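S.K.: Those protein sequences? They're chains B and Y, same order as listed. Residues in the first sequence are numbered consecutively from 1, following my numbering. Residues in the second sequence are numbered consecutively from 1, following my numbering.
Worth flagging that the hints you see were computed from the coordinates, not collected in a lab. From a predicted model like this one, the values you see are computed outputs, not experimental measurements. The C-beta atom is built at its ideal place from N, Cα and C for all residues, glycine as well. Honestly, I wouldn't trust all of these hints.
[Stated by the list, open to error] Ranges of calculated distance between the beta carbons of each label pair, as one might list FRET restraints:
id: 1; chain 1: B; residue 1: 116; chain 2: Y; residue 2: 77; range: 37 to 45 Å
id: 2; chain 1: Y; residue 1: 59; chain 2: B; residue 2: 217; range: 47 to 55 Å
id: 3; chain 1: Y; residue 1: 67; chain 2: B; residue 2: 372; range: 29 to 37 Å
id: 4; chain 1: Y; residue 1: 37; chain 2: B; residue 2: 372; range: 30 to 38 Å
id: 5; chain 1: B; residue 1: 116; chain 2: Y; residue 2: 59; range: 34 to 42 Å
id: 6; chain 1: B; residue 1: 123; chain 2: Y; residue 2: 78; range: 21 to 29 Å
id: 7; chain 1: Y; residue 1: 66; chain 2: B; residue 2: 226; range: 49 to 57 Å
id: 8; chain 1: B; residue 1: 109; chain 2: Y; residue 2: 59; range: 26 to 34 Å
[Said to hold, decoys possible] Stretch by stretch, here's where chain Y covers chain B in the computed footprint (C-beta under 8 Å, at least three residues):
id: 9; segment: 295 to 307
id: 10; segment: 341 to 347
id: 11; segment: 372 to 380
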Amino acid sequence: MAHPVSEVFLDSSSGEPMVQEARQAWLQAEQAGWGDPMRLHRPGRLAAQALDQAREVVAAAVGARPDEVIFTASGVHANHAAVAGLALGRRRVGYRIVTTAIDHSSVLTAAAAAGTHEAVQVDHEGHVDLDRWARTVETAGTALACIQVANHEVGTLQPYAEVAEICQHAEVPLVLDATAALGRIDLSEPTGWSALTGWAGAFGGPATVGILVIKKNARWRAPYLTDDYQGGRWPGVPDVPAIYAGAVALDCWLRSGRKVGERQHDLVDQLRTEIVQRVPDVDVAGDPVRRVPHLLTFSALYVDGETLTLELDKAGFAVASGSACSASSEHPSHVLAAMGALTHGNVRIGLTWATTAAEIDQFLAILPPIVAEIRATVGTS
Amino acid sequence: MNEVASSFEGLSLDCRGMKCPRPIIEVARRIGEVSVGSQLELLADDPAAGPDLAAWCRMRGQTLVASNAPRFIVRRES
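Whole structure, please, built from the sequences with the hints as guidance.
M.R.: This is the structure:
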C-alpha cells in the first residue's frame, strides 16, 4: 500500500522537528560527553561538564538555580514526578490536588493517583476563573496545585503569575507546567512556583528529555526509588548527549526564537481570520491574543476529525486532531469538551520553526474544498 | 443498548450507537421539521454528543434545554 507523505509538517504540538544545532550538538556530545558523569575519568568529567552547562541553560530560562534542575525521561514523567513528589511531601497538610479542567492528561492522572483531584473550570477561551481557583486552593487540606503556562492544544495563556500569587498567599505549592511555553514565552522572571516542568521535544530537542525544576525550599520527596544520580531526585545514569542537545535547542529559541515567534503569531492570526472567512461553520478555539505563538485549534461542523486529518495528510499537510478516534480514544479531547468547543471535525495546528507564509497560504487554499467535499458526502453542504 | 423510556411528545431522534458527528448531523437535518419555539429530543450515547450538541446550539443560535446523556433536548429558536 502506498503511503502518502506529508510535505508540510504542522504538528509541533506533538513535537517540534529537531533543531539543526541540537542535532549537531547531540552528535558532538556522543563523541566527547558520553561518559558516566559521576566518574572521575576524562569521559566522565566531560559528561559532567556538559550536564552542568545544560542545567545552566535551563536554570537561566526559568529563573532558577542550576542545582534545582533535573532531567527526566519525558515531559510526562516530569509532570508525574512533580505532582506525586509534592503530594508526598505535603501528606501531613492534606490530599487535595487542584488543577484546571484543561491541564495535560499526565497532570490529571497524576493528581487522581496521588490525592483527591479537584479540577477548576475554565471559560470558553480556556482561562481559569481566578475567584474559583482562589476559593478551591484556599480550602484547608490542599496539598498542591498545578497550572499550565499555556494550554498544549489551544495555546491559551493562563494568568499564571496571578495564580502563583494566590498559591503563595495560601501557602500551597504550585507546579507550573511550562511544556507548551518553554522557549516561546519569557519565564526568566521568577514567579512563585515550587516545581516547573517541560519537555525538550516541544522545542526541537530529543523526545527523551524531560525537564523538572524543583525549588530548594519546596517540600518535595521522590515518589519512587532513587540513587546517587541527580542529587537523589531522578534515578539512573542521565543520557547526557540527549540532555545537552535539548539544552542547545532551548538556547536556540532563547537567542533567536523571538523573531520566529513573531512570525508564527502573525501566521496564526492570519489562519484565525481567514479560516472562518473561507470555510462556513467553523469554531476556532482559544484566546486570540494572549496565547503561545505557534498553536491553533479549530473544528469544522458536521465533519469527522479522522477523515479530515487523513484528507489533509493526502494533500500534503500533517496536522493533529482532538476529535475522538483520531486521538486513538473513544473520547474526544477533554480540553475542547471543558471549553465548550466543538470536538468533532477538529484540527490542531502547531507551526514549526521553519513554517513559511507560502505554506500557510497553501493550507488556506486546500482546506475549503476538502471540508466541502467531506460535508457533501454526508449531505450537509 | 440502554433503553430510555421517552415520554417526549415531539420529534425524537434515536441516534444511540452512532458516532459523532452523525447525531449532530441528524439534528441539523431534522430541526427544520419542528416549528420555531418547539423542542426536539435527541438520544445519543457517543461521549462527544454532549459537548458537540452544546457547541452546535451556540454556533447555530439554538438553545440546549436539557443535557442529561443519553437524552438531550433542543429548542428551535430560528
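S.K.: The structure should be examined with respect to each hint, and the outcome stated for every one.
M.R.: Status of each hint after checking the structure:
In this structure the hint that residue 116 (chain B) and residue 77 (chain Y) lie 37 to 45 Å apart at CB holds, the actual value being about 41 Å. Our hint of 47 to 55 Å for residue 59 (chain Y) and residue 217 (chain B) holds, since their Cβ atoms are close to 48 Å apart. Between residue 67 (chain Y) and residue 372 (chain B) the beta carbons are some 30 Å apart, a value that agrees with the proposed interval 29 to 37 Å. Between residue 37 (chain Y) and residue 372 (chain B) the beta carbons are some 32 Å apart, a value that agrees with the proposed interval 30 to 38 Å.
In this structure, residue 116 (chain B) and residue 59 (chain Y) meet the distance hint of 34 to 42 Å, their C-beta atoms being roughly 36 Å apart. Taken as a hint, the range 21 to 29 Å holds for the pair residue 123 (chain B) and residue 78 (chain Y), whose Cβ atoms sit roughly 25 Å apart. For residue 66 (chain Y) and residue 226 (chain B), the hinted distance range of 49 to 57 Å is satisfied, since their beta carbons lie about 52 Å from each other. Look at residue 109 (chain B) against residue 59 (chain Y): about 31 Å separates their beta carbons, and that is inside 26 to 34 Å.
Restraint check on the segment 295 to 307 of chain B versus chain Y: 5 residues with Cβ-Cβ distances below 8 Å, three needed, restraint holds. Here the segment 341 to 347 of chain B counts 5 residues with a CB under 8 Å from a CB of chain Y, which clears the bar of 3, and the coverage holds. Chain Y is given as covering the segment 372 to 380 of chain B, and this holds because 3 residues of the stretch bring a CB closer than 8 Å to a CB of that chain, at least three being needed.
When the structure is compared with the earlier hints, no violation turns up for any of them.
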